[in-house]
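Engineer: Single-letter residue listing:
2 protein chains.
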Amino acid sequence: MLEYPNSNLIVSWDLTLSCAAALLRCNRIMTKAVTQYLAQFGKFGAEGAKLGAGALGQKGEALCEMAKLGLAVPPGFVLTVETAKLIAGGQATFEIKQQIVLALERLAEETGCSLGDYKNLLLLAVRPSTPLALPGTLEAVLNLGLNDETVEGLAKFSGDPGFAHECYRRFIQNYAHVVMGDDPAAFEDLLSLFIEERGYVSATEIKGSDGRELTARFKSQLEAHDNQVFPQDVHEQLWHTIVALVRGWNGPRAKTHRKLHGANADAGLAIVVQAMVFGNQPELSGAGHAASRHPQTGELVMQGEYLADAQGPDLIARLRHSLPLRNGATSLETAIPAAFQELRAGLFKLEQLRRDAVEIDFTIAQGQLWFLDAKPARRTTAAAIKIVADMVRQNLMTEHEALLRIDPLSLDQLLHSTLAPDTKREVIAVGLPASPGAASGMIIFDADEARVLVGQGLHVILVRPETSPEDIKGVHVADGVLTTRGGMTSHAAVIARGMGKPCVAGASSLKIDTAEGTLKGPGLTLKKGDLITVDGSTGQVLKGEVAVVKPSLSGDFAMFLGWADKARRMNVRTNAETPHDAKIARDFGAEGIGLSRTEHMFFEGDRIIAMREMILADSERDRRAALAKILPVLRVDFEALFAIMAGFPVCIRLLDPPLHEFLPSASDDVVGIAKDLKIDPAALRRRVAELREQNPMLGHRGVRLLLSYPEITDMQARAIFEAAANVERQTGKAPIAEIMVPLVSSRAELDAVRKRIDMVAAEVRTETGQAINYLVGTMIELPRAALRAEDIAKAAEFFSFGTNDLTQTTFGISRDDSARFIGEYTARGIFPHDPFISLDVDGVGELINFAVERGRLGRAGIHLGICGEHGGDPDSIAFCEASGLDYVSCSPFRVPIARLAAAQATIKNSLKSKH
Amino acid sequence: MLEYPNSNLIVSWDLTLSCAAALLRCNRIMTKAVTQYLAQFGKFGAEGAKLGAGALGQKGEALCEMAKLGLAVPPGFVLTVETAKLIAGGQATFEIKQQIVLALERLAEETGCSLGDYKNLLLLAVRPSTPLALPGTLEAVLNLGLNDETVEGLAKFSGDPGFAHECYRRFIQNYAHVVMGDDPAAFEDLLSLFIEERGYVSATEIKGSDGRELTARFKSQLEAHDNQVFPQDVHEQLWHTIVALVRGWNGPRAKTHRKLHGANADAGLAIVVQAMVFGNQPELSGAGHAASRHPQTGELVMQGEYLADAQGPDLIARLRHSLPLRNGATSLETAIPAAFQELRAGLFKLEQLRRDAVEIDFTIAQGQLWFLDAKPARRTTAAAIKIVADMVRQNLMTEHEALLRIDPLSLDQLLHSTLAPDTKREVIAVGLPASPGAASGMIIFDADEARVLVGQGLHVILVRPETSPEDIKGVHVADGVLTTRGGMTSHAAVIARGMGKPCVAGASSLKIDTAEGTLKGPGLTLKKGDLITVDGSTGQVLKGEVAVVKPSLSGDFAMFLGWADKARRMNVRTNAETPHDAKIARDFGAEGIGLSRTEHMFFEGDRIIAMREMILADSERDRRAALAKILPVLRVDFEALFAIMAGFPVCIRLLDPPLHEFLPSASDDVVGIAKDLKIDPAALRRRVAELREQNPMLGHRGVRLLLSYPEITDMQARAIFEAAANVERQTGKAPIAEIMVPLVSSRAELDAVRKRIDMVAAEVRTETGQAINYLVGTMIELPRAALRAEDIAKAAEFFSFGTNDLTQTTFGISRDDSARFIGEYTARGIFPHDPFISLDVDGVGELINFAVERGRLGRAGIHLGICGEHGGDPDSIAFCEASGLDYVSCSPFRVPIARLAAAQATIKNSLKSKH
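So the sequence lines, in the order shown, correspond to chains A and B. Oh and the first sequence: position 103 is 103 in the numbering used here, straight run, nothing missing. Oh and the second sequence: position 688 is 688 in the numbering used here, straight run, nothing missing.
Hints were generated in silico from the structure; no laboratory data involved. All residues carry an ideal CB built from backbone N, CA and C; glycine is no exception. The reader is advised that the hints may include incorrect statements.
Straight-line Cα separation of at most 30 Å, DSBU-like style, residue types lysine-lysine; simulated pairs [said to hold, decoys possible]:
(1) B/Lys583 - B/Lys566
(2) A/Lys259 - B/Lys755
(3) A/Lys794 - B/Lys255
(4) A/Lys755 - B/Lys255
(5) B/Lys259 - A/Lys794
(6) A/Lys255 - A/Lys43
(7) B/Lys794 - A/Lys259
(8) B/Lys511 - B/Lys527
(9) B/Lys908 - B/Lys50
(10) B/Lys375 - B/Lys912
(11) B/Lys259 - A/Lys755
(12) B/Lys473 - B/Lys675
(13) A/Lys255 - B/Lys755
(14) A/Lys207 - A/Lys156
(15) A/Lys550 - A/Lys424
(16) B/Lys349 - B/Lys68
(17) B/Lys219 - B/Lys119
(18) B/Lys85 - B/Lys68
(19) B/Lys794 - A/Lys255
Part of the chain A face toward chain B, derived, beta carbon under 7 Å [stated by the list, open to error]:
(20) Gln694
(21) Leu698
(22) Ser708
(23) Ser745
(24) Ala748
(25) Glu749
(26) Leu782
(27) Arg788
(28) Thr809
(29) Phe811
(30) Gly812
(31) Ile813
(32) Asp816
(33) Arg820
Which residues of chain A face chain B? A few of them, derived with a C-beta cut under 10 Å, are [said to hold, decoys possible]:
(34) Gly699
(35) Arg784
(36) Ile830
Produce the complete structure using the sequences and hints provided.
Structural biologist: Listed below in structure tokens is the structure:
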């Protein structure tokens, strides 16, 4: 075995080493004293199964795991991450080589074949194995062990010289690329040239007899380019390949590549060296992959495909149709029943072991099934939930484990309509997935027309180049929105997401011709009234009506959320001001309202006119008169919210934005609005100019406005209290009203507003004879409020963290203006993430923790929650749990996500505290 | 003595009390066991001298103090603040009355006169005495002790019935007003009626024989109005007066009045009861006041005036000319030499005792000098410094005590030109003191004309209704500014203050007629070219040229500031970007520059064109080309700053404001500017619109801009380093350059900018062969920067607290927009003060303390300073001292104030730590 056919070619492989290895082999000194540089696996099991993916890489771990389970794995060994590091540093080379030699010996024992053996030839596959899925992973080297001599042996004993030479040729090309860094295209060119020379049409015409000639040309190409001979020593081939993989992995280019893609530049690499098995043989051979479950539904039914006389890459290339695994005459089940049974049993064993659905690659070589790799199976969220639900039912895992297995954000898939899984789809364009959900309807180009048709009971998709504020009423009635221009933050996208309507934005291959009333795409013309379907979760636009599945919080999903509710400590509320949103949120399990922004109530219908009258009035009396017109409609709004949230708290924020937001902007129709208000346009313009601010975010708003115009507080408090009294009279149940004062920075501000609220409560109590059940609290949304929380808590029964504003002031970054640089900041790693999306734990988080701690000093048992948009972000929710908040509040469609995220946070915290 | 002439009138005065008092008197049981409700003073000295103004009020304290010193004080006693509280609460009435009776007995013993004694009549003055100067202090009641009987005794034994009845009449009016709350006008009307009846021309014709009749009418008026008889019992008169003063003081109206004027509503009141002395007698009698020193200069020369045959109020009314105390035949010194000597000696004794210049009121009654009150003398700041300097020279106080005696803000008086003290002034108008300092010059109505005339070496006062930006170049050359419209924050006022030019604003009695070329006032017309003088410290406008004294930091002032420099721990730097400002600040003792805002350097002359080219450029190359034009001029600016501040650090802040500040605003001449830039106006407008921000304060500025356009950092750093290298070559001394990065919220930002700065430094080092002496640090002006200070300090060699921005973000208040509500906030007490003027210690201060503590954890010995406008506010400086900052930096004219404030802070802190 240690007789090298071309011993004159030995360059780096050490003769002494071979002797040492022989000695070791003779004495069988595979003792603990020798550091274990590699983990061997094969029929006997596996040495390193316990080391895990951190040492073996994912592929290496899977192979060891399967070998240990007794599944048929082509035998081999894994050079660990630590070993690869040593190789990179040029350390312990002798000892590592020694172990490789020994490992190859054991491989020979198991297979009866040896590296370099003319007759019983062992060929090797050398593959990178990384601990995590990483970008730009290196290529594998296959068919290692072929040289000018062994290829002839393979030709002779396989009886297929064409096959042998093709293997050799491919190996040379592969080696040139991976080890020498040559361009594979040069070899492809050589091949094309040869085909041309021979007058062939395609590579399939290459004959066995051409093999030797082509291989020679490949070898010359390599040797000419690299100015060195192709190594005929097979051990040298192996070592060079290993070293090349290690060097390539640690090269500056690979590191930069990983860094650019957000991965760890210093990630480790293990290397799998494994006997080759050949599915590309005519008899009872082929390649395939299989999953233990259905990827859409999660049902325990094996899925997969199989391609006879093929290797793995052929399956991926899809040059021929693959066959199903089960059911039917042409299935694997029928073709090679033994292999099929072994495959099914192996998958089941693997799933039981991993307690998760798995997906494997396999090869069948002359009837023998080989397991090549195993990974967690791909799945939809519905499938993922079905899987963990099954595992819990089988007592394979606890509810808590099941909860931790699901990414909360993935639940979003289940909250919107989706296209029915097995329907035919005719995709006519793909735009941006701007607002999730799927809907079908008639193509309509005009918002007013949409309203009319919807009034007649029809379903409509509003199709516009882009939307403007005039289109809002159209979006409101449409089942979905399609725009041909604009991005994820375009008007249409933002509005549609706000309303929970499906929207595909920027489908730029489509052109609207409103004059003609057509929507044109490449080779396609649709007319107004034609049916289309938009899938806002994928960005697809489909012709005709496609069956849509409505979201349902039932079955396994409901059970799963029930476990989350049992597990979580924090309550989950919603941010909602309209009955429509409140209803959705309640159906999604919201336990009350955490933020009802009353300013939105001032815009609807005629209220805006009264609001403008208020702003333009010169005296408190006139302002009160204008506000009195708004009061009854506001009361109705509050009654609706109280009714929907019966039994749960409803937290209402008093007017927050600066007054100029209610007046027309420069681009609006000032003259028309002035006419409505029966005032001089000049007077209106003057007031608009008066109220203009340099930095409205830091301006005359929130509590500052409430202190300047106490009549606003009075009116809002009265509307709330009267609504509460009415609902209590009607239902016999007193609503729980929380009144929240925004933008407080000192206790005196809150004291002053609180005094008025209490006064109005007393008035309403006297008028109605009903005691009013209410709390007064404040937003903590300014750094000073967080710092002064102890003092402020003396006047506040609750705090709600307004983390949007708190982030703005803590960083000094206006969210409206941050687009210019925040992308660059996160791309360059200056900020680890956008602090408006996931809470900045180090800065804003510290302020929140101050406020929690100090707030409790000021008032034991003060109620604490978060109502910024972070309330729906799982990482931020984990922070809230750690900070001991009582609840999180988020937008309606985030409620189920928050329920799960809150449960995970509680579970992880309790695990942490156990350790 | 206890025989009451009209015992049937006794209402509230208890007979038993009199008996008890008699008993006490007999046994002389004036023991410690009896609570001391009052402090008696007289020839024997004083009982309560140690109690201080807190218990006795200022007047009471002064009287006791003088009595104890042996000065002649009309004897009497002080009811303490505590006693007055008891009286207000109706407590211990019996005991208090008891002590009053005893005190009156002792008074009788000393004076030989008794209350109610027909022959040896004692009359009393009852005066309020408050611990602090307070608004709306109550009136005194004089001549108490007169009734229908005693007035006759007084008439008989004084030999002047007219005098006696006038005293009685005035007492009735006085009593009616203070005790009964009647309107004094009713009595004035009665008097006028009487004069008319008698056919007199004025009150001086009233004869002694009319006295009784008039008194009777006054009494009837009182009794008719109040429906009760005027008390004839003199003890009752006294008690009722005391109770009325106490009640008046504690009434809701008085409390509200004090609150409205910013005083403590619950301030205490003591009451002085004292024998009357009469200066209104023909022989060797009169009233006057005197100060131990000259109020303007502080020289130890007695100042004051004297009016013969007069009482204090007559002196104030100035019906006759008063006489000087010293020098000349008509002076007090000549007229009553003994009294004069006693006065001088007394003043000197008082000054020595108080270790402060004093001012007293005195009366001379038939040759006998009486000291009536003593207060700290009024003084200019120059006088104040002369006084403490004298005291230190005489070893009466330490330097530290002297430093604590002067209000830092008062130093401002010494930093500007002032009108020479003893020159004649013809004031033609008074406007607002908009910018301190005095200057004379020709009246000029036009900015361009002003420039021409100043070019000819003339002095000019720019006179405008109000100024606009076009007038700035006129303000720049003028010696002073006068406007007839506008307030303290008008354009003219702000600009003039910024340039340190005297300005009187809003002198509305003056009218400008530019067509005529006249400035008219009531009965006055001045023409263009006429000389006027403006005093921006007082708001006076004077005709003609008035001698002006230039500020000088010499003599006692220099010595005084020298003590401050010895005493203080913190350094004082200045905020300056122009050589002009830097020079002023250096002369005022600035120890370097704490903030040089480089953006100002981009506006001057042609630089703004290059800056705009930079902003409009599409590529980094074009931006670098535009910046290259600015570099040489910037370098010259830095060279000038380094030269002026030789030996001291110069801290330069890299570009901070958002780019749109350098582009024209909507109202500017976009077409003209586009022409200058050789670009399409539409392109300019587009870029302006692109750069517009919702909240520029929280926008794309500071380090965010420097990261987007690293070429700006490169250019600025190069200009700084090249300037430093040049100055070192020229002077042989390396400047100390500190480069400051604004608006940092995380360390990564600073790291990135720092890297470029270090790179440029290395380049310049290579090019010049000179090592560059520089530090890199950051502003701490965002809450997050304060919280993350430990981490940031690892990349920063210094921190400078930008408290303007830090206040904005901590409170979430834009300084530009706060005017709408901050006034109301401070008026209502919601904020104790405007946090932009005096640092918010509770909120912003806590963040600063975090940053100090954490910054030192990150880098031991990190250099710490403040450069917000709070750096010139004494209260804020005290905070900086307590926080352990290394320096404060303020505007040039605040530097001496900061030097003193810093010294006071160090001294007070060390006193505190001793206790």
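Engineer: Decide, hint by hint, whether the structure agrees.
Structural biologist: Status of each hint after checking the structure:
no.	hint	in the structure
1	B/Lys583 - B/Lys566	23 Å, holds
2	A/Lys259 - B/Lys755	20 Å, holds
3	A/Lys794 - B/Lys255	28 Å, holds
4	A/Lys755 - B/Lys255	23 Å, holds
5	B/Lys259 - A/Lys794	25 Å, holds
6	A/Lys255 - A/Lys43	37 Å, violated
7	B/Lys794 - A/Lys259	24 Å, holds
8	B/Lys511 - B/Lys527	12 Å, holds
9	B/Lys908 - B/Lys50	24 Å, holds
10	B/Lys375 - B/Lys912	28 Å, holds
11	B/Lys259 - A/Lys755	21 Å, holds
12	B/Lys473 - B/Lys675	24 Å, holds
13	A/Lys255 - B/Lys755	22 Å, holds
14	A/Lys207 - A/Lys156	16 Å, holds
15	A/Lys550 - A/Lys424	18 Å, holds
16	B/Lys349 - B/Lys68	11 Å, holds
17	B/Lys219 - B/Lys119	23 Å, holds
18	B/Lys85 - B/Lys68	26 Å, holds
19	B/Lys794 - A/Lys255	27 Å, holds
20	Gln694	4 Å, holds
21	Leu698	4 Å, holds
22	Ser708	6 Å, holds
23	Ser745	5 Å, holds
24	Ala748	4 Å, holds
25	Glu749	6 Å, holds
26	Leu782	4 Å, holds
27	Arg788	6 Å, holds
28	Thr809	5 Å, holds
29	Phe811	5 Å, holds
30	Gly812	4 Å, holds
31	Ile813	6 Å, holds
32	Asp816	4 Å, holds
33	Arg820	5 Å, holds
34	Gly699	4 Å, holds
35	Arg784	4 Å, holds
36	Ile830	4 Å, holds
When held up to the earlier numbered hints, the structure conflicts with hint 6 and nothing else.
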